[in-house]
Amino acid sequence: MKMQGMVLLTYLAFILQTSLFPWLVPAEFSDRIIPHFTFVIVMYAALYHSRHSALLLGVGFGMLQDIVFRGHLLGLHAYTMGLIAYFIGLMLGGRRLTMLSALAVVTMASLLYDLAVYYVYEVFRFTSEPLAWALQDRIFPSLFLQLAFALAIYIPMRRWFEGMVRLKPKPGKE
Amino acid sequence: MISFILFIAVIGYSISRAGLTMPEKFLRDTTGYVQQWFYKPAGYIAGLFQDIGNLRSVYEENEQLRMTAAAYARDKVEYNAIQQENDRLSAALKFTEEQKKIYDYKYLIAQVVAVSPDAYNRTLTINLGAREGIRERMAVVTVDGMIGFISKVSELTSTVMPITSLNAEESGISATVLGKQKQSFGILSGYNSETEHLLMTKISAEDPIKKGDTVITSGLGNVFPRGMIIGTVESTQDSDIGLTRTANIKLAAKLDQLSEVFVVKTAEASK
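Line by line, the protein sequences are chains Y and A. For the record, in the first sequence the residue sitting at position 61 is 61 according to our numbering, with numbers rising by one throughout. Just add 1000 to wherever you are in the second sequence, counting from 1, and you've got our numbering.
Derived from the structure by calculation, the hints contain no laboratory data. Note that the coordinates shown come from a computational prediction; the quantities given were computed from them, not determined experimentally. Glycine residues also receive a C-beta, built at the ideal position from the N, C-alpha and C atoms. There's no promise every hint is true.
As the list claims (entries may be wrong) - Cβ-to-Cβ under 7 Å is the rule here; a few derived chain Y residues that face chain A:
#  : residue
1  : Gln17
2  : Ser19
3  : Pro26
4  : Ser30
5  : Ile33
6  : Ile67
7  : Arg70
8  : Gly71
9  : His72
10 : Leu74
11 : Tyr121
12 : Phe126
13 : Phe140
Same shape as in the complex, but just chain A (with noise of 0.2 Å):
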């Protein structure tokens, strides 16, 4: 009985507070120090098979991304135009230092060193912290993109929690669609893990959004960066009530045996 009430008190203050204490940070980074010996030799023998397995499938990959380096080639110049003519409209109306910086994002690279054991807390360990400048709620993507934010930063590691466990009130990431940034807006909330699907609720009922439409994020609230691409409307239907709608989204990046991963740094958190 005692235990109990001990359990529920540590569960109730583990709820109210957010920041890590002492003996907390130094368990999680000796954890941490001893798990990255063993995470990505792991990961190198597991992908030496998946290499050998995918050999077949080179050459095919080979010729898209040629194609794919050409169309890239020739939307750079496009992009070194918009540029250029984005910077001296910046100047011209005389827009603040910070209000340049704002959507200029640092990549960190990230190695994964482990994976939590409970289905409903996927959370990973990764081997960059506080001395690297990482801080909570910073979002963290993969090329494909982006798998979830920061939750928790000690001195050597800190932890990831992914968009898959967030539950309604936690989340609060704002997205929107690829090419209607000006008329779509949702926001991200839970994962039904049945239909494998991420749940977008709070679009308006005029919103063009429609199935096959990439979802990324807004932006809006400068906490996340802009433009993280989250994955792609499935289906869209009504609410409960009626005046919104709710968009099921397949996500873009695949959570599982990741190996390398960045984190965001965007210009605010980098103070």
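Chain Y with its partners taken away, still in its complex shape (with noise of 0.2 Å):
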């Protein structure tokens, strides 16, 4: 039950960016702030869940991005977003973390996904623009909003996921 509500609010947050959002930000600034709302859920959901639900969230929603905006390549998000969701919920998962660590880890994790789908599209030639370039235009702007969304969602997703958690406690863990 829990777990299909955790499936049905990423999706809800995968709507919000590719069907609301392009309509919030003025014209001028739509190329240059890209929302990435649902991986910012999925690094709550590292954070304050488990690992595991994490992997399975980041995999299985990159790869509905990867399917229904199918472009040059398939399976890109999907692998970015699964690999940082389960390294972070390895290193930092189950550790209470304070708010604003918690923000500074989100904008860590978004920057290397950033940083990860820049690379990638870079070694397979579907892009040829400097990295200076891709970081001044679109990755430092959008880094913002990606932060206040995280901030917005902050204490919601916190008691949520901490709810679920001590809900069924497992041995091992405090």
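Two chains, two separate frames, one set of hints: put the complex together.
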């Protein structure tokens, strides 16, 4: 039941970032501010729930994005999202992070995600723009958006995910 | 490590393969169905605020449109005469039925339902699919000009690859200059997001192309329709080895916040 709620929530975030959000940014910035709302939710799942559910969510919704917006490559977002979510969960999951450090982790992770996507496209020659330009043009402006979204959903997400963990305590965890 | 190998395998698979499998189609159509509930209302609300902002410029625009309408009425008379002449000549030269229909395009109105959240792959999803007769590599235009072509089709939705996301190998859209269709030829390849220019390459050294010219699709090869406006030439320069020239083109159509687009159905594709 709870896992279903999580999937539904992430699906809503996916719809929000693909169908609603393009209308919320001013037209001049639509190429520069690119939302990764599903990624932020996956990060919270990794931090406050478990790395396995984060891996599943990351791979699942990455794959959904890859298939729905099938462009040059298939599986790129599934791979990067799943991998980053799993390692963040492995390193930091289960620890009681404060709000600031959680936000810092989410920001770093989305920077890592953007860089990974950029490098894969560069390796396969789908883009030829220099990294400095990509950073300045879209990665940093988008980072602020990700940060704002992470801040906005921090408290409900944490309560919800931690409530889920508390409902079924696992042996070995505090 | 295993996941990395899997990743490379999936990517390799996706590069070599063109079509879509059943589960992929199903996922695309169901998601597209949900997305369309959100995209259109959001567009209406955003449009409302824009309209309020634009109220002041409406009067001026109206004035301009009236002048354009007058010019249109004048040109229409001339067009009819030329059209009749053309029909008579085609009949006299015994054109086959196929040759006559080659420039007979149909425009299908499509609603955009979603935009991809990936900077290097800004594909759009539209709500027309194979059921409505959409095929791969049909041109997609707005009232201002061409924005891209259909890259993937499933039953109810299809994916539009914008010309700004093209790389050199994939595109191969042949282009020419309005008014100099006979002398001018080039190939659109690649978009530079830094300067926001589309590159037109393989232009011969004698080409009369110059700054301010309107670039249109040439329709050579009959894959893309002819005469779709792409943009205006901003500058030209010699290429690296000096045998050909390249031109920087400013796009005519705006690619952000699209709500309605037209899919151009050529006679050949609709068979």
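Going down the list of hints, with the structure as the test:
1. Gln17: Holds. Min distance 5 Å.
2. Ser19: Result: holds, 4 Å to nearest chain A Cβ.
3. Pro26: violated, 9 Å
4. Ser30: holds, 4 Å
5. Ile33: violated, 10 Å
6. Ile67: OK, holds: isoleucine 67 of chain Y within 7 Å of chain A, min 5 Å.
7. Arg70: Constraint on arginine 70 of chain Y satisfied, holds at 5 Å.
8. Gly71: Result: holds, 4 Å to nearest chain A Cβ.
9. His72: At 6 Å from the nearest chain A Cβ, histidine 72 of chain Y passes the 7 Å test, so the hint holds.
10. Leu74: Result: holds, 3 Å to nearest chain A Cβ.
11. Tyr121: Result: holds, 5 Å to nearest chain A Cβ.
12. Phe126: With a closest approach of 5 Å, the phenylalanine 126 of chain Y hint holds.
13. Phe140: Interface hint status for phenylalanine 140 of chain Y: violated (12 Å vs cutoff 7 Å).
Hint check: violations occur at hints 3, 5 and 13; the rest are consistent with the structure.
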